[in-house]
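**Q** The lines below spell out each chain.
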Amino acid sequence: MPNELAIEATGLRKRYGRKLALDGLSLEVRRGEAFGLLGPNGAGKSTCLKLLLGLARPTAGTARLLGRPAGDVEARRRVGFLPEHFHFYDWLSGAELLELHGRLYGMEAGQLRRRVPELLERVGLETQGKKPLREYSKGMQQRVGLAQALLHEPELVFLDEPTSGLDPLGRRLVRDVIREQRARGAAVFLNSHLLGEVEVSCDRVAFVRAGRILATRDLHAQPAGAVRVRVRAAGAPAGFWQRYGAAPAADSAPAREVELAGEGEIPKLARALVEAGAAVYEITPVAASLEEEFLRVIGPEAAEGAGA
Amino acid sequence: MRSLSLIAATTMREAARRKLVALAAAVGGAFLLLYGLAWDLAMRSPHNIVHAPNRAFERQGEGLFVLMGLYAANLLVATVAILAASDTLSGEIANGAMQTIVSKPVPRRVVILGKWLGFVALLTAFQGAILGGVMGIAYGFTGYAPPHIAAGCGLMWMEMTLLLTVTLLWGTRLPTLANGVLSLGLFGMAFLGGWIEQIGALTHHPKAVNVGIVASLIMPSEALWRRAAFEMQSPLMTALNLGPFVSASVPSGAMIAYAGLYTAAALGLAVFAFSRRDL
Ligand SMILES: Nc1ncnc2c1ncn2[C@@H]1O[C@H](COP(=O)(O)OP(=O)(O)OP(=O)(O)O)[C@@H](O)[C@H]1O
Ligand SMILES: [Mg+2]
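Chains as they are written, first to last, in my numbering: chain A, 4 to 311; chain B, 32 to 310.
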């Protein structure tokens with residue numbers, strides 16, 4: 004019976020000397036889910052990955068990957084990882100690097116002959132495979148790093164700031180790759196502080212600061228409670244908007260944003276507008292952008308870094 | 032098992048790709064050339080130790096000349112072992128390459144043991160070529176071969192392995208440069224300690240002998256060389272207790288066993304330290 008959770012972390016704590024990098028972090032990621040960890044520099048995102056992958060030992064707390072204790076060799080067999088600063092033996096060529104990693108995953112020679120060119124092509128390096136890594140640009144290294152993480156079709160992929168150093172095409176590549184992984188049924192764990200990137204790629208995000216998760220948000224769920232809507236309508240009586248707290252506009256069909264108590268209020272607003280004799284051009288719920296939420300949850304003071 | 036040989040092979044491939052092998056071959060070649068030249072000059076000079084009044088004395092001169100070559104060769108191998116191994120772990124830990132390796136389904140002990148095996152193989156080949164070259168050259172000129180070649184070379188191999196292992200051990204915790212300095216420093220201390228012991232024994236200063244023994248306990252590399260020299264010197268020199276490399280105070284069998292245990296313990300400790308550290 005396969006465990007439904009790809010990652011299960013409870014109370015992870017990591018102390019580096021006097022610095023508490025993680026302060027009781029708990030999270031769950033389901034299989035097949037794309038999960039984003041958002042937070043300012045020094046929040047503990049990379050530390051969290053290191054503990055999950057067994058690169059560092061937690062001071063306290065436990066974690067399981069794909070149903071096995073984190074740090075267990077078997078737990079890593081079906082996991083791919085792109086580190087924050089991908090750097091590898093520069094005396095290997097791109098193709099040799101992938102072969103070496105494939106063999107470390109335990110892949111067979113036949114499999115590798117198929118997968119290595121496939122992945123080089125996927126990350127746009129099909130013509131660079133024979134070149135030694137020391138001649139790769141930063142972005143090209145990042146791309147091989149990405150390929151290396153996907154080689155064995157893992158069930159869980161960790162990407163620590165995968166777009167760093169990538170050009171716009173590369174960033175798009177990362178987005179597409181994440182989508183493909185999810186389509187394959189793999190879970191993706193993405194560390195980032197690029198909100199837009201996370202917004203398009205993830206199902207769920209958690210906000211971390213000072214080693215703690217402050218909030219989690221399901222990016223697909225309809226927001227409960229108050230909603231903001233954008234309304235464009237012309238010809239409503241002068242007093243109409245006052246009820247919604249919006250100022251009268253000079254324009255004939257201006258866009259206004261109004262806040263409603265809940266989703267159920269949207270049709271009521273539409274009806275009220277029509278009954279008041281207005282011409283309605285648009286009523287659109289506006290999701291609070293991740294950026295607004297980030298600033299609200301993390302707070303502007305977070306710019307100074309975690310608990311410093 | 033597969034991962035172990037993969038990592039060992041990768042270590043050797045790295046040495047080849049980064050021109051370490053070519054460089055070692057060049058240095059070793061130059062060394063042997065020089066040694067050959069020395070023999071050639073010695074054989075031609077009328078006033079040389081290798082031309083003694085009778086055959087028995089001549090043999091002593093030849094034996095001494097071979098030991099001299101082995102002594103220099105052994106120093107060269109020891110230095111190369113320390114320098115070659117001092118960057119391997121710390122360098123990869125510092126630049127992050129290790130993170131990608133260690134996050135694969137390979138236990139850390141396999142990673143470090145694979146590297147160790149790779150280096151042992153490379154350095155054994157290097158050492159074999161140099162020691163073989165020294166003795167081969169001498170044999171070619173004179174037909175002289177030192178006694179107990181297997182034991183002597185085995186002891187020198189133990190010394191190389193010991194230095195390599197200790198350097199790897201420090202590499203699990205120290206940055207490259209600090210590791211190189213520390214390992215070379217320990218080696219140098221053992222070397223000095225060995226000479227102090229030697230001189231102390233010749234001049235009957237038991238305190239000096241003890242200093243040497245303590246140095247050997249801290250780092251038994253020089254004790255292994257001195258035992259090797261003792262094995263490979265000619266029986267007459269042994270009987271007369273003569274010669275600069277020898278062994279007024281010969282390291283005991285217990286010291287050799289201690290050196291072996293020391294190496295094994297260093298390897299175990301390296302595996303332990305590497306398995307536990309944060310990367
Ligand atoms: N090896 C280490 N030794 C000491 N402190 C460390 C170590 N690694 C991380 N830290 C500290 O732990 C905190 C969290 O670091 P971490 O790298 O996890 O942050 P992050 O969220 O990934 O930041 P960024 O967005 O900059 O990558 C930081 O304050 C950092 O200084
Ligand atoms: Mg980070």
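These aren't lab readings, by the way, just hints derived from the structure by calculation. A hint or two may mislead.
Claimed, not checked - Far from chain A by the CB rule (all over 10 angstroms, computed), these chain B residues:
no., residue
1, G59
2, F62
3, T131
4, P136
5, V137
6, P138
7, G185
8, H235
9, K238
10, V245
Stated by the list, open to error - Among chain A residues calculated to face chain B with C-beta under 7 angstroms, some are:
no., residue
11, V76
12, L128
13, Q131
14, L263
All C-beta atoms, glycine included, are put in the ideal place defined by N, C-alpha and C.
**Q** So G59(B) supposedly isn't at the interface. Is its beta-carbon more than 10 angstroms from every beta-carbon in chain A?
**A** Holds, because the least Cβ-Cβ distance between G59(B) and chain A comes to about 22 angstroms, which exceeds 10 angstroms.
**Q** Double-check L128(A) for me: the hint is only fine if its C-beta lies closer than 7 angstroms to a C-beta in chain B.
**A** violated, 17 angstroms
**Q** Against chain B, with CB atoms and a cut of 7 angstroms, does the hint on L263(A) hold up?
**A** At 48 angstroms from the nearest chain B Cβ, L263(A) fails the 7 angstroms test, so the hint is violated.
**Q** Compute the least Cβ-Cβ separation between P138(B) and chain A, then decide whether it is above 10 angstroms.
**A** violated, 5 angstroms
**Q** Does the closest beta carbon of chain B sit nearer than 7 angstroms to the beta carbon of Q131(A)?
**A** With a closest approach of 18 angstroms, the Q131(A) hint is violated.
**Q** Taking the minimum C-beta separation from V245(B) to chain A, is that value above 10 angstroms?
**A** With a cut-off of 10 angstroms, V245(B) remains clear of chain A, as the shortest Cβ separation is near 35 angstroms.
**Q** Confirm or reject the statement that T131(B) sits farther than 10 angstroms, beta carbon to beta carbon, from all of chain A.
**A** violated, 6 angstroms
**Q** May I ask you to check that G185(B) keeps its beta-carbon over 10 angstroms from the closest beta-carbon of chain A?
**A** Consistent with the label, G185(B) stays out of reach of chain A, its closest Cβ about 33 angstroms off (over 10 angstroms).
**Q** For P136(B), is the shortest CB-to-CB distance to chain A above 10 angstroms, so the non-interface label stands?
**A** Its Cβ does come within 10 angstroms of chain A, the nearest being 4 angstroms, so this is violated.
**Q** Just want to verify: H235(B) was marked as not at the interface with chain A; is every Cβ pair farther apart than 10 angstroms?
**A** The claim stands: H235(B) keeps its Cβ more than 10 angstroms from every Cβ of chain A (closest is about 53 angstroms).
**Q** Does the claim that K238(B) lies outside the interface with chain A hold up, using a Cβ gap greater than 10 angstroms?
**A** The assertion about K238(B) holds, with a minimum of 44 angstroms to chain A.
**Q** The output says F62(B) does not contact chain A. Does that hold with a beta carbon cutoff of 10 angstroms?
**A** holds, 26 angstroms
The earlier numbered hints that this structure contradicts are 3, 4, 5, 6, 12, 13 and 14.
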